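*Asks:* Here's the letter readout for the chains.
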Amino acid sequence: GIQVEQSPPDLILQEGANSTLRCNFSDSVNNLQWFHQNPWGQLINLFYIPSGTKQNGRLSATTVATERYSLLYISSSQTTDSGVYFCAGRRGGSEKLVFGKGTKLTVNP
Amino acid sequence: EAQVTQNPRYLITVTGKKLTVTCSQNMNHEYMSWYRQDPGLGLRQIYYSMNVEVTDKGDVPEGYKVSRKEKRNFPLILESPSPNQTSLYFCASRATGAWANVLTFGAGSRLTVL
Numbered sequence: 002g003i004q005v006e007q008s009p010p011d012l013i014l015q016e017g018a019n020s021t022l023r024c025n026f027s028d029s030v031n032n033l034q035w036f037h038q039n040p041w042g043q044l045i046n047l048f049y050i051p052s053g054t055k056q057n058g059r060l061s062a063t064t065v066a067t068e069r070y071s072l073l074y075i076s077s078s079q080t081t082d083s084g085v086y087f088c089a090g091r092r093g094g095s096e097k098l099v100f101g102k103g104t105k106l107t108v109n110p
Numbered sequence: 024e025a026q027v028t029q030n031p032r033y034l035i036t037v038t039g040k041k042l043t044v045t046c047s048q049n050m051n052h053e054y055m056s057w058y059r060q061d062p063g064l065g066l067r068q069i070y071y072s073m074n075v076e077v078t079d080k081g082d083v084p085e086g087y088k089v090s091r092k093e094k095r096n097f098p099l100i101l102e103s104p105s106p107n108q109t110s111l112y113f114c115a116s117r118a119t120g121a122w123a124n125v126l127t128f129g130a131g132s133r134l135t136v137l
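Here the protein sequences line up with chains W and S, keeping their order. Residue 79 in the working numbering sits at position 78 of the first sequence; the count goes up by one each step and never skips. Residue 78 in the working numbering sits at position 55 of the second sequence; the count goes up by one each step and never skips.
Don't read these hints as lab results, they were simulated from the structure. Hints may be right or wrong, so weigh each one.
What the hints assert, rightly or not - Computed footprint of chain S on chain W, listed as stretches where at least three residues anywhere in the stretch have a Cβ under 8 angstroms from a Cβ of chain S:
id, segment
1, 13-25
2, 66-77
3, 100-107
Said to hold, decoys possible - Facing chain W, from chain S, some residues (calculated, C-beta under 10 angstroms):
id, residue
4, Gly39
5, Leu42
6, Gly63
7, Gly81
8, Thr127
Claimed, not checked - Taking lysine to any residue and the SDA-like style, the derived pairs with C-alpha atoms no more than 25 angstroms apart in a straight line are:
id, chain 1, residue 1, chain 2, residue 2
9, W, Lys97, S, Thr38
10, S, Lys94, S, Thr135
11, W, Lys97, S, Thr36
12, W, Lys97, S, Ile35
13, W, Lys97, S, Gly39
14, S, Lys80, W, Arg92
15, S, Lys80, W, Lys105
16, W, Lys102, S, Gln108
17, W, Lys105, S, Lys94
Note that this is a predicted model, so its numbers are computed, not measured. Cβ atoms here follow ideal geometry from the backbone N, Cα and C, with glycine treated the same way.
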């Protein structure tokens, strides 16, 4: 099956800083998604982004499908951005969604 | 409100005592899935279902059963729980079709097997 590698595993920021999270896939995937798990454990879908760039407020994501990676940008970080960010994808024709191990983000006031 | 509802949210049980974690969605989604989350391992898929009476194994199905008798419900059954099934479990659903890719997750069920 496909392997999903996320970096960095941990990230500590001061409020107001910007950050970039990366997700690499071992094989071509579609249905690439980014999720945020807040400190209470709730999982929220941030982006569905099989290719191209999308923006939602202070967050944006870019996927370069031909090079098998995706980036999540967080600008002007806030303490509420803390949590774990996961990327996930599945191969065409497969219903198995494979997750990376996540990037744990801590934003300090 | 569109949501996926899991119960119980927290459970402590003992080895070998059968238990069921229920999952229900009110969005008329065809696809439903169960994941377990363990420290350092991310989320791993246990089972998924494409529609009523259609289920398939994910990456870590051993020790689990599922059923899909109704479209809205997808219970996870642990016939004989063991301590290595102590984990945080998530149910999720989505519509199917080329345009339907966004997963909606339940709030999670934290299970401890002693």
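*Asks:* Each of the hints needs a verdict: does it hold here or not?
*Replies:* Hints and how they fare:
Taking a C-beta to C-beta cut-off of 8 angstroms, the segment 13-25 of chain W contributes 0 residues in contact with chain S, too few for the three needed, and the coverage statement is violated. Restraint check on the segment 66-77 of chain W versus chain S: 0 residues with Cβ-Cβ distances below 8 angstroms, three needed, restraint violated. For the segment 100-107 of chain W, the assignment as covered by chain S holds, since 4 residues bring a beta-carbon within under 8 angstroms of that chain's beta-carbons and 3 suffice. Hint status for Gly39(S) relative to chain W: violated, with the closest Cβ pair at about 27 angstroms, above 10 angstroms.
Interface restraint check for Leu42(S): the shortest CB-CB distance to chain W comes to about 20 angstroms, outside 10 angstroms, so the restraint is violated. Residue-level restraint check for Gly63(S) holds (minimum Cβ-Cβ distance to chain W is 6 angstroms; threshold 10 angstroms). For Gly81(S), the shortest C-beta to C-beta distance to chain W is roughly 6 angstroms, which falls under 10 angstroms, so the interface hint holds. Taking 10 angstroms as the C-beta contact cut-off toward chain W, the hint placing Thr127(S) at the interface holds, the least distance being around 7 angstroms.
With a CA separation close to 29 angstroms, the supplied pair Lys97(W) and Thr38(S) exceeds the 25 angstroms bound. For the given pair, Lys94(S) sits about 28 angstroms from Thr135(S) by alpha-carbon distance, which is inconsistent with the 25 angstroms threshold. The hinted pair formed by Lys97(W) and Thr36(S) fails the criterion: a straight-line CA distance of about 29 angstroms is larger than 25 angstroms. Proposed proximity of Lys97(W) and Ile35(S) is contradicted: the alpha carbons are some 29 angstroms apart, above 25 angstroms.
With a CA separation close to 29 angstroms, the supplied pair Lys97(W) and Gly39(S) exceeds the 25 angstroms bound. This hinted pair checks out: Lys80(S) and Arg92(W) have alpha carbons roughly 16 angstroms apart, not beyond 25 angstroms. Only pairs whose Cα atoms come within 25 angstroms are accepted, and Lys80(S) paired with Lys105(W) is rejected, the gap being roughly 29 angstroms. For the hint pairing Lys102(W) with Gln108(S), the CA-to-CA distance comes to about 19 angstroms; that is within 25 angstroms, so the pair holds.
Proposed proximity of Lys105(W) and Lys94(S) is contradicted: the alpha carbons are some 35 angstroms apart, above 25 angstroms.
Taken one by one, the earlier hints fail for this structure at numbers 1, 2, 4, 5, 9, 10, 11, 12, 13, 15, 17, listed in ascending order.
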